[in-house]
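Engineer: My request is simple: use the sequences and hints to build the entire structure.
Chain order of the listed sequences is A and B. Take the first sequence: its letter number 54 is residue 54 in the numbering used here, and every next letter is one higher. Take the second sequence: its letter number 58 is residue 58 in the numbering used here, and every next letter is one higher.
Derived by calculation from the structure, the hints in this document are not laboratory data. Here the structure is a predicted model, which is why all the values come from computation and not from measurement. One or more of the hints may lead you astray.
Here are the simulated DSS-like cross-link-like pairs (lysine-lysine), alpha carbons at most 30 Å apart as the crow flies [said to hold, decoys possible]:
no.: 1; chain 1: B; residue 1: K70; chain 2: A; residue 2: K44
no.: 2; chain 1: B; residue 1: K3; chain 2: A; residue 2: K41
no.: 3; chain 1: A; residue 1: K51; chain 2: B; residue 2: K3
no.: 4; chain 1: B; residue 1: K3; chain 2: A; residue 2: K102
Every beta carbon over 10 Å from chain A, so not counted as near; a handful from chain B, in silico [stated by the list, open to error]:
no.: 5; residue: S42
no.: 6; residue: R63
no.: 7; residue: F109
Built from N, CA and C at the ideal position, the CB exists for glycine as well.
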Amino acid sequence: EAGVTQFPSHSVIEKGQTVTLRCDPISGHDNLYWYRRVMGKEIKFLLHFVKESKQDESGMPNNRFLAERTGGTYSTLKVQPAELEDSGVYFCASRHSQTNEKLFFGSGTQLSVL
Amino acid sequence: AQKITQTQPGMFVQEKEAVTLDCTYDTSDPSYGLFWYKQPSSGEMIFLIYQGSYDQQNATEGRYSLNFQKARKSANLVISASQLGDSAMYFCAMREGLMFSGGYNKLIFGAGTRLAVHP
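Structural biologist: This is how it looks when you write it as structure tokens:
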């Protein structure tokens, strides 16, 4: 069974540009999360989808970030326009609603904004 | 406020020895779950072990065990018989609430501990 897949694995862009990160959760997982780790700090929650609906987006830093999950399958996280402080690792995680313990994470996208 | 503290930025251990990675937490919610994740150099966050706040027994998963001391609010990870492949970053995390549900869907992470296993 394939795990949580994220791409690209690395992205280097200039300040002001737009970047779109993609996450493919484990098949059948209705819960999808985005987290990020900025500048060696703690990993922080960004938002949570159940199927295509946003359940909690309290961690989204500002309106330059837009997450979507069309059809309740894969999700995208767009940063527009990117700023220097957006650099970090963006993790996606997924979980089946019947699972209480395991949250499966992807390998992350390393975003560098120059 | 919810907080996870991992006081050891880096740890060294000799192969085949046991190692304890420290984690303390702070929450006012009596119901919560504690998680440990491993992040090898490949980047993927791998789930290791889970402990619920009302679990009577310390959680164990193979060579991993969680030393849960509720009164001290600590949830240390013990890795027995370390292997070279255990070299990685280890993150402690907490979720308030006993289950992923409603508003209880966020994990709060610590800063992580980098473990190096020496031959």
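Engineer: All the hints need checking, so say for each whether the structure fits it.
Structural biologist: Now the hints, each set against the structure:
no. : hint            : verdict
1   : K70(B) / K44(A) : 24 Å, holds
2   : K3(B) / K41(A)  : 13 Å, holds
3   : K51(A) / K3(B)  : 29 Å, holds
4   : K3(B) / K102(A) : 20 Å, holds
5   : S42             : 6 Å, violated
6   : R63             : 18 Å, holds
7   : F109            : 4 Å, violated
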